[in-house]
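Novice: Protein sequence lines correspond, in order, to chains A and B.
With the working numbering, letter number 228 in the first sequence gets 228, and the count goes up by one each step, no holes.
With the working numbering, letter number 279 in the second sequence gets 1279, and the count goes up by one each step, no holes.
Hints should not be assumed to be uniformly reliable.
Claimed, not checked - Computed far set for chain B versus chain A, every beta-carbon distance over 12 Å:
(1) N1060
(2) G1079
(3) A1147
(4) A1148
(5) R1200
Stated by the list, open to error - Below, simulated SDA-like cross-link-like pairs (lysine to any residue); rule was C-alpha separation at most 20 Å, straight line:
(6) B/K1101 x A/R94
(7) B/K1085 x A/V199
(8) B/K1153 x B/E1182
(9) B/K1187 x A/N160
(10) B/K1069 x B/T1248
(11) B/K1101 x A/E95
(12) B/K1217 x B/K1273
(13) B/K1153 x B/K1187
(14) B/K1187 x A/Q190
(15) B/K1085 x B/D1061
(16) B/K1159 x A/E95
(17) B/K1085 x A/E9
No lab work stands behind these hints: they were computed from the structure.
For every residue, glycine included, the Cβ atom is placed at its ideal position computed from N, Cα and C.
Letter by letter, the chains look like this.
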Amino acid sequence: MIDFAFFLEIIPVLLAGLPLTLQLTAASMGIGFLMALLLALAQQGNRRIVVWPIRAFVAVFRGTPLLVQIFLIYYGLGQFRPSLQAIGIWWLFREPYWCAIVALSLNEAAYGSEILRGAIKAVPRGLTEAATASGMSKLLTLRLIVLPLALRQAIPNYSNEIILMVKGTSLASIITLMEVTGIAQGLISQTYRAVEVFVAAGAIYLTLNFTIISALNALEIRLTPYRARA
Amino acid sequence: MKIHRLAAVAAVLGMLGFSQTALAQDAPKAITIATEGAYAPWNFTTPDGKLDGLEIELANDLCARMKIKCTIIAQDWDGLIPSLKVGKFDVIMAGMFITPKRLETIDFTQPYAVDPGGFAVAKDSELGKLGLSAEKFNLDDEAASMAAIEKLKPLLKGKVVGVQAATMMLDFVKTYFGDTVEIREYKTTEQHDLDLAAGRVDALFAQQTALAATLSKPEFADYTLAGPGFVGGLFGLGTGAGLRKEDTKLKEMLNAAIDGAIADGTIKRISEKWVKTDVTPVK
Chain A
1 MIDFAFFLEI IPVLLAGLPL TLQLTAASMG IGFLMALLLA LAQQGNRRIV
51 VWPIRAFVAV FRGTPLLVQI FLIYYGLGQF RPSLQAIGIW WLFREPYWCA
101 IVALSLNEAA YGSEILRGAI KAVPRGLTEA ATASGMSKLL TLRLIVLPLA
151 LRQAIPNYSN EIILMVKGTS LASIITLMEV TGIAQGLISQ TYRAVEVFVA
201 AGAIYLTLNF TIISALNALE IRLTPYRARA
Chain B
1001 MKIHRLAAVA AVLGMLGFSQ TALAQDAPKA ITIATEGAYA PWNFTTPDGK
1051 LDGLEIELAN DLCARMKIKC TIIAQDWDGL IPSLKVGKFD VIMAGMFITP
1101 KRLETIDFTQ PYAVDPGGFA VAKDSELGKL GLSAEKFNLD DEAASMAAIE
1151 KLKPLLKGKV VGVQAATMML DFVKTYFGDT VEIREYKTTE QHDLDLAAGR
1201 VDALFAQQTA LAATLSKPEF ADYTLAGPGF VGGLFGLGTG AGLRKEDTKL
1251 KEMLNAAIDG AIADGTIKRI SEKWVKTDVT PVK
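Isolated chain A (complex conformation) (with noise of 0.2 Å):
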């Protein structure tokens, strides 16, 4: 008993959050894929003092649940307002936007540091070598050989890292933000069709991560046509 007309009603209500759930997924994705290579870089120099504080920040982001991370940076840090007011920081933490995208960040920098480690990890060391022996500094060798390389290595990983992200911003509605999921939940609750709503729901986030999978794919493809699948 499915009711079409229902769904085509729906979905353009449902599609007035999808700009906030591909805010929240640039935002995060870029700001936490940008902190996850500086951490992996740090981690290259084996450092006890930089690594240990890397590892333990990637062990508390990786070992909890997101939704318990949205929870403690807006609600948990909400009662610590004087303090957050007197070192001026506290206009970050008052919107929930910001606290959004916050959580997102630091969990995307902690796996994604974990992927990117891996992958800097995978390029051969005979690469690095010569580039040593035919005279190019450590920065240069990072820039031309190393980080292509493991940029290239690291797309399909990055790409679940994405999709596992869209799905993260469904989260967001915890803290009032009315993403998709969250305007979801809304017309549940006006119309009590739990079953066609999460549907049209569902469908929305499959066809923005689809069509994410096929672009990386289409990138992965390009930057290593030699590897192509047939």
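Given the structure of chain A, go ahead and fit chain B onto it with the hints provided.
Specialist: Relative to the frame of chain A, chain B by itself:
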């Protein structure tokens, strides 16, 4: 032979738990009542994990009157009606207003409480300086209530108002203040309380009894109830127990029990204990 088969089917259905609701309307012997467990003082979860509050005490009283065994469970607010419909439990007692919209989907007993909605703001805000008015406006009396709303609008212009999502409180703010304020939707009232204390929202709109309970806590010393209370209209008839439309026998029993609890002053006693005012519906 055929009769045997029918009996077998009935027995299987009975084992699956369909017998009480799907077949004949026998008086149920045991029911499960769902509440939210996050709406003090109506229903809330104590630090040791037990459910307590006005509705929990009332539910136990009603069950004693009906002489049936009740199990009370907690369930997220936005899952209450869908779960009731698919039979996860039999009755909702969660500060839920009886509204025409909800009556399309489920049935309600007669109201067991009537409690106005109102604003809570910081004491030093424009609305806060006005203080709490004892006036209650019935939204069905459009002229009077619109005049009251127009008086509030300039005081709330551009403010951020926190309300619980999927409630009549949200519908009220959307309908009457949608063009005046920025609305933030929260899963539970506990969450919007936290954000009022954190200064992320300028005002809350909720049932006045629930707000009064929140504001009695020390961290809310700088906040106050303000403006008049609103009843009727989209708030419906008051707070009632929700149940499936087909459970007519259970509705009869609950209505009789509520009648009893109103008549002998039980609701008055319980509500004065929990919400400091008498919320007994006027019959």
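Novice: Each hint should be assessed against the structure and marked as holding or not.
Specialist: Taking the hints in turn, this is what the structure says about them:
1. N1060: Label holds. Min Cβ-Cβ 28 Å, cutoff 12 Å.
2. G1079: violated, 8 Å
3. A1147: holds, 29 Å
4. A1148: holds, 26 Å
5. R1200: violated, 6 Å
6. B/K1101 x A/R94: Violated - the C-alpha atoms of A/R94 and B/K1101 are around 35 Å apart, more than 20 Å.
7. B/K1085 x A/V199: holds, 19 Å
8. B/K1153 x B/E1182: Holds, at roughly 12 Å.
9. B/K1187 x A/N160: violated, 29 Å
10. B/K1069 x B/T1248: holds, 18 Å
11. B/K1101 x A/E95: Not OK: B/K1101 and A/E95 at ~33 Å, beyond 20 Å, violated.
12. B/K1217 x B/K1273: holds, 17 Å
13. B/K1153 x B/K1187: violated, 25 Å
14. B/K1187 x A/Q190: The hint holds at about 15 Å.
15. B/K1085 x B/D1061: violated, 25 Å
16. B/K1159 x A/E95: Holds, because 14 Å separates the two Cα atoms, which is no more than 20 Å.
17. B/K1085 x A/E9: Violated: B/K1085 and A/E9 sit about 23 Å apart, past 20 Å.
The structure fails to meet hints 2, 5, 6, 9, 11, 13, 15 and 17 from the earlier list, while all remaining hints are met.
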